[in-house]
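All the letters of the sequence shown, read from the start, carry residue numbers 233 to 479 under this note's numbering.
Keep in mind that the hints were calculated from the coordinates and are not lab data. Mixed in with the good hints there might be a few duds.
Said to hold, decoys possible - Distance windows between CB atoms, simulated: (1) ILE396 <-> VAL358: 46 to 54 Å; (2) ILE280 <-> ALA384: 28 to 36 Å; (3) PRO278 <-> ILE253: 51 to 59 Å; (4) TYR444 <-> LYS249: 19 to 27 Å; (5) LEU247 <-> GLN466: 31 to 39 Å; (6) ILE256 <-> GLN375: 40 to 48 Å; (7) ASN469 <-> ARG403: 18 to 26 Å; (8) ASN272 <-> LEU458: 37 to 45 Å; (9) ILE280 <-> SER250: 50 to 58 Å; (10) THR279 <-> LYS302: 18 to 26 Å; (11) ILE463 <-> TYR343: 25 to 33 Å; (12) LEU458 <-> LEU422: 26 to 34 Å.
To be verified - Straight-line distance between alpha carbons at most 16 Å, and here's what the computed EDC-like set of lysine to aspartate or glutamate pairs gives: (13) LYS308 <-> GLU293; (14) LYS370 <-> ASP331; (15) LYS308 <-> ASP323; (16) LYS389 <-> ASP347; (17) LYS370 <-> GLU293; (18) LYS308 <-> GLU284.
Backbone N, C-alpha and C define an ideal beta-carbon position, used for all residues, glycine too.
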Amino acid sequence: LDVQYSTAYGNNSGLSKSNVIDSINHTSKITNQNYSTKTNSNSVSPTITYTEPLAKHQLLEFAYNYSYSKNTSDRKTFDYDSIHNAYNIPDIELTNLYDNTYTSNRGTVSYMYSDSVMNLMFGTGVQYGHRESDNEGKYSFTQNYTNFYQTAHFKVKFSNTKKIRFSYQGRTSQPGISQLQPITDSTNPLNIVAGNPDLKQSFSNSIQLRYYNVSRTGGRSFFIFLSGSTISNQIVNSTTRLPNGGQ
C-alpha cells in the first residue's frame with residue numbers, strides 16, 4: 233500500500249502600470265491596476281498492489297489507484313481611483329474565482345518474468361477520470377475521460393559488460409489551473425493572455441532503448457540511447473497576431 237499526498241499554496245500580488253500609444257490613430261490607453269492571485273491545491277493518491285506467483289521466475293501483479301485533486305485560483309483586480317487615491321474600483325473582467333476538481337480510478341494488471349539473464353514486464357490497464365469545474369457559480373461543467381494504460385519493460389544481460397534495455401509507457405496528464413481559468417488578462421494590450429476551460433487531458437506514448445558495452449580491461453565504453461514520444465491533445469499555447477502588432 234502506497235499513499236501520496238501533496239498540498240501547495242501561492243499568493244501573488246503586484247501593480248500593473250502601462251501607457252500604450254497608438255501612433256496611427258493618435259490615441260493612448262493608460263492602465264493603473266492592483267492585482268492579487270491566491271492559489272491553493274490539494275491532492276491525495278493511494279495505490280494498492282498485490283502480486284501472485286505463477287511459476288518459477290514468474291509473477292502476476294494487480295494494482296488499483298485512486299486519485300483526487302482540488303485546485304482553486306482566486307484572482308482580484310482593482311483599478312486606481314484618483315479621487316480617493318486608492319485602488320478600490322473592481323475590474324470585473326480581470327476578477328475571477330475558479331475551482332477545479334479531478335478524480336480518477338485506475339486498475340492495471342502486469343506479467344513479470346525475471347531470471348539471471350532476462351527481466352521482462354508488460355502490463356495493461358484502464359483509467360476512468362472525472363473533472364468538475366466551477367467558475368464563480370456563473371457556469372459549471374463536467375468532463376469524463378477513459379484512458380488505456382500500456383507498459384512494457386525488457387532487459388537482457390548478455391554478459392557482465394553487455395546489456396540492453398527497452399521500455400514503453402503510456403500516460404495521461406491534466407491541464408493546470410492557470411491554463412483552465414477562464415479569465416482574459418488584457419492589462420497589456422500587446423500581450424493578452426486567456427485561459428481555456430475546455431482543455432482536454434493529454435495522453436503521451438514514450439519509448440526508450442539503451443545499449444551499453446563496457447570493456448573494463450581495455451578501458452573502452454560504447455553506449456546507444458534512443459528515445460521517442462507522441463502526445464495526443466498536447467496542451468500548448470495558441471498565439472494569434474493582433475492588428476495592433478501585439479499577440
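Hints and how they fare:
no. : hint                          : result
1   : ILE396 <-> VAL358: 46 to 54 Å : 30 Å, violated
2   : ILE280 <-> ALA384: 28 to 36 Å : 22 Å, violated
3   : PRO278 <-> ILE253: 51 to 59 Å : 57 Å, holds
4   : TYR444 <-> LYS249: 19 to 27 Å : 57 Å, violated
5   : LEU247 <-> GLN466: 31 to 39 Å : 35 Å, holds
6   : ILE256 <-> GLN375: 40 to 48 Å : 43 Å, holds
7   : ASN469 <-> ARG403: 18 to 26 Å : 21 Å, holds
8   : ASN272 <-> LEU458: 37 to 45 Å : 42 Å, holds
9   : ILE280 <-> SER250: 50 to 58 Å : 54 Å, holds
10  : THR279 <-> LYS302: 18 to 26 Å : 19 Å, holds
11  : ILE463 <-> TYR343: 25 to 33 Å : 27 Å, holds
12  : LEU458 <-> LEU422: 26 to 34 Å : 43 Å, violated
13  : LYS308 <-> GLU293             : 49 Å, violated
14  : LYS370 <-> ASP331             : 12 Å, holds
15  : LYS308 <-> ASP323             : 8 Å, holds
16  : LYS389 <-> ASP347             : 10 Å, holds
17  : LYS370 <-> GLU293             : 46 Å, violated
18  : LYS308 <-> GLU284             : 54 Å, violated
Hint check: violations occur at hints 1, 2, 4, 12, 13, 17 and 18; the rest are consistent with the structure.
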